[in-house]
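Engineer: Dock chain B against the given chain A, drawing on the hints supplied.
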Amino acid sequence: MKSYQITESIEKAVRDFIVCRDWLWFTIWLLGILIIWIWNLIFLNAPALRQIENGFINTIVIAIMVIVFAAGLSWGTTLLDDFLHRRFARLQIGLTFLINLIRSVPQIVGTLLGYVLLTILMQNRIVTSEAAILISMALVIAFFLFLEIFDLLRERITHFRRLDFYDAMLVCGISEQYIINREIILRSSPMHIINKLIGIFGAAIFLLCSVDFIISVGLSTQISPVDLPVTLGSLLAKIDSKQDILAIGHALTHWNYFPNLPFEHLQGITVAILIVFTLLCIYQIANGYGRRHHL
Amino acid sequence: MRHKIIEHLSSILFIGLIFLLIQALWGPAKKTVSYQYLNEIKAFMLLDFLDLSNPEDRLLLHETLNYYYPGEHQRHDSLMTEIAAYVKELMLADTGPHGGASELNFDKLLSLSEMLVKFILIYVLVLLLTSYGVETFAVYRFIRLQQPGSLFEKLRTTWQKLNHATGLRERSRFALIILRKILRGLIKGMVMLILFAPAYVIAYSFKTRFDTDSVILMVLLGVISNGLLITYTQKYFTFLVSESRKGYVQTARVKNLKHDYRFSAEKGIRLSTIFKIRKTFPGHVFGHIYQNVRFQYLHTLKEQASFLITGLIIIEMALNIQGHLCYELMQNILYKNLAIVLLIVFGIFVVVKLTEMTIDYLVFSQQQKIDNKP
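Which chain is which? The protein sequence lines are A and B, in order.
Residues in the first sequence are numbered from 1 upward in steps of one, following this note's numbering.
Residues in the second sequence are numbered from 1 upward in steps of one, following this note's numbering.
Everything labelled a hint here was simulated from the structure, so no lab data went into it.
Don't be surprised by glycine CBs; every beta carbon is placed ideally from N, CA and C.
Keep in mind that a hint or two might mislead.
[Claimed, not checked] Coverage of chain A stretches by chain B, computed from C-beta distances (three or more under 8 angstroms per stretch; other residues unrestricted):
| no. | region |
| --- | --- |
| 1 | 88-102 |
| 2 | 134-147 |
| 3 | 164-173 |
| 4 | 244-251 |
| 5 | 264-276 |
[What the hints assert, rightly or not] Simulated restraints, written as ranges between beta carbons of each label pair:
| no. | chain 1 | residue 1 | chain 2 | residue 2 | range |
| --- | --- | --- | --- | --- | --- |
| 6 | A | Pro190 | B | Ser10 | 32 to 42 angstroms |
| 7 | B | Leu186 | A | Leu170 | 25 to 35 angstroms |
| 8 | B | Lys161 | A | Leu41 | 56 to 66 angstroms |
Pulled out of the complex, with its shape left as it was, chain A reads as follows (with noise of 0.2 angstroms):
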């Protein structure tokens, strides 16, 4: 490679990389949370700062589990409807009624209905193991989460069956379900699928984050003898939190308390704001992307 076409491809992926925003956005996000990190192990005691980390870490991890979950959900979704649309059409409209119920119920009911039934068999010995809590709180999650990704699928798969090379390679003696996976999915939809997934990761850290500190604020810990793991949202619900948030609204009109919060009230302010940061990265990573490949 020529010395001119290092420099316009250098060029090229800096431009790209400032217009196109979505791995800037994800620089941004690493650099930010890494300055958190920093600042916190400097001015934050110790204990508090084992908890955000255990907080931010298996609210990460859930949101991946969803992500994963709801991906193969809305595969097999999709592969069953598909089936049933050739098969069984009948039993197709009873899929699509079931679907539209799951859909209907808002996702925070859901989730808040699935945690109850968690919570129920955490009582009664059958889920014990903290892995087990976090791969069920995704899987739960999930389920209100996989109907974006299957909505997309569902409307590749129509746009392609009306193109010509759809049924030229059936009349190749192809199967359908190579065409689908393949060729639809695999080959033509890994963009749209992967732009859908940045935004489900977003939308499980928020329902995640909601519905723990609700849960936190709602239910007593004295009442609920369950524990969750800890995540950001039930860590902001903890009193020292609060009380952290409230400041903010005192500093608002004490002008002079603003230099105080990132000192005295760090747990609070940090779990926010790893909460906010985060979600307003990750809108602007999914744009980004999209931006990047024309979605």
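Structural biologist: Same frame as chain A, now just chain B:
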């Protein structure tokens, strides 16, 4: 249309029947717990230095028992489980009328109906406001994008002017402009952070300043928080951009239809038009783009309404305001009043379904207009 209405009504009926079945199977049965170690538990309850409702005290007691009676670990485990269950039962028995232990009777039904009506009113108000906000901001952003010069471009031009400027007065003028633009960018970033903050973060930040029980605050939080406004503005904006790339727009431009997007231009778009509730752009190519996108967006309105309901539920639950439907739902989940929980969830489900039916009807009537059918 009839097919869709039948589908919606049958799903309401289906869910209603399932809830009735759940209530019939698990509702009335109250589990009676028999305690093996009741006398011991009562004896421990009498100790005034021990608060068995406190998990830490229970843990301390557990460890103490294990320490003094090392061979009876299994028995201690069972005892601790029974203590936790007993304490929980006592707490549930002690709760007052607002604690949620109240039965489902006519008065309760009446108060739940009142709460549902209040919830629907807030929901409709927030839906109208967010729909207006989404449309207005997206249109504004689109038009600004069509105008020459983005913020970065302007910043770069001013920076170049500053470098070439001679004289202190001129230099300070350009420096001030740059500072103002940077400040504007910072404010925009702050606004983005607020718009993306979950409602409970904003609510708790202002809890000491405002009365969180007020309907106005609820509506305000519903509109500005949870990223609702910004997410759907982006979706509307994407629709506008993709519609503007269609062939008919190019044709209209070639045929000299008005396509100047500047606010100050004679054939441009007036800023005040963007902020009107009924936006019309007569003779301008954007008028056609806007009309088509409005129709396309109707389908997304269902998704927006569903997300909005989720947001409102989060606000009501997180703020813990007595007398609101979702607070009542939370309390009844806590106190395991299955009948009330199912009734509230069913109420919310019906609200969602009614919204979907309304939107389907709107889509249908718009489609009829487009197809020139009576």
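Engineer: Could you run down the list of hints and mark each one as holding or not?
Structural biologist: Each hint tested on the structure:
no.: 1; hint: 88-102; in the structure: holds (count 3)
no.: 2; hint: 134-147; in the structure: violated (count 0)
no.: 3; hint: 164-173; in the structure: violated (count 0)
no.: 4; hint: 244-251; in the structure: holds (count 5)
no.: 5; hint: 264-276; in the structure: holds (count 3)
no.: 6; hint: A:Pro190 <-> B:Ser10: 32 to 42 angstroms; in the structure: holds (37 angstroms)
no.: 7; hint: B:Leu186 <-> A:Leu170: 25 to 35 angstroms; in the structure: violated (57 angstroms)
no.: 8; hint: B:Lys161 <-> A:Leu41: 56 to 66 angstroms; in the structure: violated (44 angstroms)
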